[in-house]
Amino acid sequence: MADTAGLRERAEETALLWVLVAIVAILSLVPLARLLFEGVAPGGRFSTAALSNVLSSATTWTAAQHSLVTACGGTALAVLIGATVAVLVALTDIRGRNAFVFCFVLPLMIAPQVVALAWLQLFGPSSTLLKMIGLAPAMGSRNPLYSAHGIILLLGVQYAPLVFLTLRAGLRTLPQELLEAGLAAGAKPPTILRTIVLPLMTPPLVAGIALCFVSCLGNFGIPAFLGIPGNYLVLPTLIYQRLAGLGPSVLSEVAVLSCLIGFIAVLGIFLQDLMLRRRDFRITTTSNAMRPFELARWRPAVEIALWILTIVVLVLPLVALLLSSLVPAAGVPLTAKSATWSNYDYVLFDHAAAKRALVNSFSLSATAAIVIVLVAVPLAYFLVWRRSRLLRVLNLAAEMPYALPGVVLAIAAILVFLKPLPVLGLTLYNTVWIILFGYLARFLVLGLRPVIGGYYQLDRTLEEAAQIAGARLLRRLATIILPLVAPMATAGALLVFLTAFNELTVSALLWSSGAETLGVVVFSFQQGGDSTYAAALAMLTVAVTIALMLSTLLTGKPARGVLPWRD
Amino acid sequence: MARLIVDCVTKTFGALHALDQVSLDVGDGEFMAILGPSGCGKTTLLRQIAGFDKLDGGRIVIGETVVSTVTQHVPPERRRIGIVFQSYALWPHMTVAENVAYGLTVAGVRDPERTRRVDAALTLVELEGYAERRPSMLSGGQRQRVALARCLVTEPSLVLLDEPLANLDVHLRASMEEEFARFHARTGTTMVYITHDQAEAMALADRIAVMDRGRLLQVATPSQLYREPADASVAAFIGEGIVVPAEVIDVDSRGRCRVDLFGLSVSMRCPLAQTPTRAARVCLRAANLAIVGAGVPGIGARVVRSVYQGGHFRVEAQLDHADGVLVHLAAAEPCRLAPGDAIRIGIDDGWVLPETGEIVDSTAPESADSRRFDGGTVATGADG
Amino acid sequence: MNYLLRGAWLAAALISMLAPLPAQAQAPKGKLVLYTSQPERDATQTTAAFKQAYPGVEVEVFRSGTTEVMGKLAAEFAAGAPKADVLLIADAASMEALKKDGRLLPYPEARVAGLAAGTYDADRTYFGSKLITTGIAVNTAAKSRPASWADLAKPENKGQIAMPSPLYSGAAAIMLGTMTARPDLGWAFFEKLKADEAVAVRGNGAVLTAVASGEKPYGVLVDFMAFNAKAKGSPIEFIFPAEGVPAVTEPVAMLKTAQNPAAGRAFIDFILSDEGQKLALSMGYIPAKASVGMPSWLPPGTVIKLMPTDIGNVVQNNSANLKRFSELFGN
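Chains as they are written, first to last, in numbering that gives the first Met the number 0: chain A, 0 to 566; chain B, 0 to 383; chain C, 0 to 330.
Hints are not guaranteed to be accurate.
Listed next, the in silico BS3-like pairs over lysine-lysine satisfying Cα-Cα at most 27 Å (straight line) [stated by the list, open to error]:
hint, chain 1, residue 1, chain 2, residue 2
1, C, 229, C, 142
2, A, 354, C, 50
3, A, 336, C, 229
4, C, 191, C, 153
5, C, 255, A, 354
6, A, 418, C, 98
7, A, 418, C, 30
8, A, 418, C, 255
9, C, 229, C, 50
10, C, 153, A, 336
11, A, 418, C, 142
12, C, 231, A, 354
13, A, 418, C, 28
Hint data in this document are derived by calculation from the structure and do not stem from the laboratory.
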């Protein structure tokens with residue numbers, strides 16, 4: 000007998016699957032394919048010249064090696080810092096937890112290039128701070144940050160909150176019985192960490208590591224500031240250098256270099272999948288969240304260490320930024336007389352683009368975050384629980400727009416959207432919409448990975464119980480699954496918002512008057528030598544974001560674990 | 000209410016036969032327990048019935064509808080059954096009331112009808128007043144009852160219970176057993192109850208299906224299972240049966256025979272088609288064994304251990320001349336036996352195991368299966 | 000009475016509608032798309048002034064670094080639908096490259112009277128808008144004041160020099176091409192800079208920040224940036240070296256695919272006009288038209304010794320020069 004209701008339901012599910020496939024394909028495959036096409040067939044004519052030029056050049060391989068070195072080093076450092084902080088915050092009884100998390104996550108919101116600049120000034124001979132304590136290095140001495148070590152240090156510091164966010168959301172779901180069983184068996188906390196917590200936390204940890212690796216690989220701002228002066232090139236800065244060169248073959252060489260970055264990123268993703276496949280520990284989530292380990296006499300020392308970390312990572316660069324925003328021009332020493340608000344005046348009142356940029360960046364980032372999470376939850380469902388093979392392949396593709404430097408994605412977007420869309424006749428080019436497209440394409444993976452980690456931790460019987468109760472897929476996704484992955488989904492949304500808010504490299508090529516973003520305006524100031532205006536705008540950005548984060552503390556009562564700094 | 004038919008169902012995972020040609024017929028309103036050790040396939044069978052996995056062979060029918068075949072599969076959300084999961088699977092982000100009301104909300108039932116039914120369900124499981132609590136605030140037993148209430152509120156025609164009492168303590172288990180029994184009596188829902196605990200199965204079920212390693216060994220009422228196990232594994236599994244080799248001397252036509260057991264002649268029950276044979280195996284129960292004095296027919300044995308069990312002793316002894324066959328029996332208090340003592344054991348009854356070793360469903364209504372052991376039913380009421 | 004008033008109203012309305020028509024038939028209107036690598040503030044001021052002069056034109060600006068502008072253009076060319084009408088970018092080398100690709104639209108009727116020779120293309124495809132020289136910038140706390148390029152490259156200044164990297168800056172690429180062609184400087188000069196551990200940073204903005212903050216007391220920097228910063232109080236001095244200064248002209252040009260060539264021509268006219276040149280002067284640049292005057296920061300009577308630049312030569316040797324520079328300053 001015909002089972003029409005069943006058929007309709009199956010059709011619904013298949014339709015959802017194909018909608019997701021289409022979304023991922025449009026966001027990832029289409030721009031990349033267009034770029035690849037440009038690489039092997041510039042101007043429509045097939046040619047391997049670009050391919051051979053790039054692959055035979057020693058510079059390419061040196062840059063690739065540097066990329067690997069800095070990406071691995073940066074990831075290792077970020078994991079070290081981020082995981083330690085996550086364990087301390089989630090599993091021990093330190094005080095002032097929320098305030099600390101707030102401060103720790105804040106650096107994610109400062110654009111990488113601003114961070115690099117702030118640290119450079121901190122360590123340089125003109126550093127106001129160092130001058131005040133008499134430790135300023137002699138004028139002209141080589142800044143230690145201009146090196147691979149400097150790049151690794153800043154990458155690690157920049158992305159430690161990434162690892163922290165994903166790991167902490169995972170730690171929240173660890174039931175206390177598991178740890179108490181270990182304690183009862185006589186194991187000391189370090190042993191418990193190693194033998195119980197770490198294996199169970201493998202999914203979120205691996206998700207954080209993969210995200211971190213790909214972020215470091217595609218980061219442009221930090222190696223641009225710290226690597227270029229010493230000619231320590233990584234692949235993104237090499238691409239930028241090629242773009243600055245002249246000649247018609249520029250784009251195709253850029254396309255080939257992009258493929259190289261993509262290839263390395265794919266290797267990293269394969270490794271992640273491999274690691275996750277072996278570890279499939281499910282945790283039922285009905286138990287209470289963890290009661291902390293007690294630190295006893297170690298507590299004050301640990302708290303002090305954490306706050307020192309915060310000061311070094313957050314406060315010092317922010318202070319350096321603040322100080323340089325208060326002087327009328329670069330290099331003028333800050334005294335009571337020289338301090339001025341003129342930079343803020345200019346940025347807020349005289350410069351129309353800055354205000355527009357604030358609004359644009361906020362709306363674009365918020366929209367991108369929400370859309371991405373709404374796509375990520377059903378996408379992860381099909382990836383993890385339905386094991387759709389088609390989607391797994393696409394999943395790899397989704398990594399690419401994030402791994403590739405933003406400038407490459409921007410070029411791909413231009414190539415695709417320059418002409419009006421075929422059926423609709425709309426032109427996205429030179430509007431905010433192409434920037435939104437760029438953000439959606441680039442940050443999808445930032446929202447997706449934490450959600451995937453969340454699914455790995457869910458007990459599937461919770462969905463099965465809903466199935467038995469008669470709920471169809473969409474209803475299950477909305478009423479059962481979404482609330483349960485909410486902590487990880489929000490971590491993802493937060494990551495997307497924070498990264499998009501300050502991003503520069505994608506919007507640098509895609510913006511147009513009226514569609515400026517914050518990163519672009521700050522960058523313009525810096526390039527034009529107006530470092531004081533850049534500092535003022537960057538400070539304003541940080542202030543606005545802090546205000547936003549604080550406002551979340553005032554609103555009602557979200558579910559537990561949704562916001563990392565609200566417990 | 001619905002009848003459940005499981006027909007030659009097979010499920011393989013790689014080389015492993017999780018379910019091997021399992022056939023089962025649960026009558027309308029029946030309480031069927033599926034009993035077996037860990038890994039026997041009972042949970043796999045439950046998942047097939049529920050629709051979480053697809054079949055590799057056979058078919059499943061619920062009520063009038065064919066829900067699973069190799070080519071056809073009705074998804075779980077449309078099978079209109081209820082499940083109580085072993086882990087209860089209560090949604091942590093909802094209150095008790097919301098958990099219970101979920102099925103109704105999905106079906107489009109609105110307040111005040113919905114609240115009324117939720118309250119009625121909670122009252123049924125004696126959890127009135129708990130509506131606004133969260134699952135994390137409840138004890139194991141309370142969660143169990145919420146899971147049951149959630150299952151019942153949609154009035155399903157078939158309820159599957161996956162080892163629901165496994166995580167509870169002994170006292171709670173007893174009261175929950177009563178709960179299930181009362182519920183079944185009151186509503187007449189068809190219930191399929193998965194468990195590894197035979198006491199539970201015996202107490203609750205109308206019939207029990209015994210499984211091991213993916214195969215169905217026997218389906219019978221608890222009494223039949225106890226008194227007439229189909230093969231050695233069922234015999235050993237149920238009631239700690241003692242399986243020993245023996246020789247069948249002669250058989251009468253009313254299900255009794257004379258058996259030679261290590262030199263002792265005993266009158267035992269046997270399958271109607273039993274013939275005299277030298278290589279039979281019999282199932283003895285501790286209740287049929289007693290320590291006898293000289294002059295009474297019995298087998299010599301040596302005491303291995305004697306354990307006090309409150310009011311009586313459990314004596315384990317090794318039979319003489321019997322290649323180390325171990326038996327156990329009860330001895331009334333006081334019993335001053337010590338390891339190594341010689342005793343004599345008398346046997347007053349037993350059951351000769353049918354040696355075909357096939358699946359026996361001695362009470363299946365109309366089974367076309369020609370591999371049933373006997374052509375008719377063993378007298379159900381007779382005690383013998 | 001009412002009818003009369005109403006009639007007068009109507010007449011006035013009609014006349015006011017008709018009156019601008021003849022003017023509008025000549026004045027350019029519509030949208031003008033400008034891609035520029037000028038600093039933000041200058042771009043804003045230029046477009047505002049242009050809009051005042053030509054109120055019928057709506058200007059859309061894309062402003063970024065030269066690299067980004069060229070990248071965006073390249074992508075648009077590859078996709079077959081360039082959007083820009085006019086370009087105003089930092090250096091002539093990029094313009095030459097575009098000219099070679101046949102992307103520029105010549106404007107033979109441009110009024111080049113008063114412009115120094117060599118600041119505009121012989122084929123009238125691009126026109127220099129100002130004169131931006133590159134000299135030596137010094138932090139006021141630095142130990143010495145180098146008076147010439149040779150002084151700058153002295154071993155005493157080891158580790159204290161910043162320069163814009165030609166790999167990322169078209170203006171610096173022209174500087175490289177110009178100076179290496181001279182016998183008194185040549186590649187030996189850059190080798191000495193390398194021996195002095197000079198850092199090649201990404202763009203003049205970074206050099207300014209480095210020198211003004213004291214991180215590198217000596218820098219190779221464009222004139223207007225140094226002087227604007229000094230005017231705001233930065234501790235920085237600018238020196239015109241004895242051998243002379245290389246210059247870039249920040250040329251303006253029109254694309255062949257321009258969708259509004261009339262407005263494009265108007266824009267070029269504006270840039271080259273006295274009004275446009277005075278605007279450049281007010282922004283702190285040396286104008287291309289000497290008759291307009293000199294910026295205030297230039298001590299009166301200073302003679303700027305321009306290094307001659309054979310732009311064709313520079314472009315031809317560019318990739319070889321960049322390669323050599325890249326190898327010299329190490330990977």
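* Unsatisfied constraints (hint numbers, rising) -> 5, 9, 10 and 11
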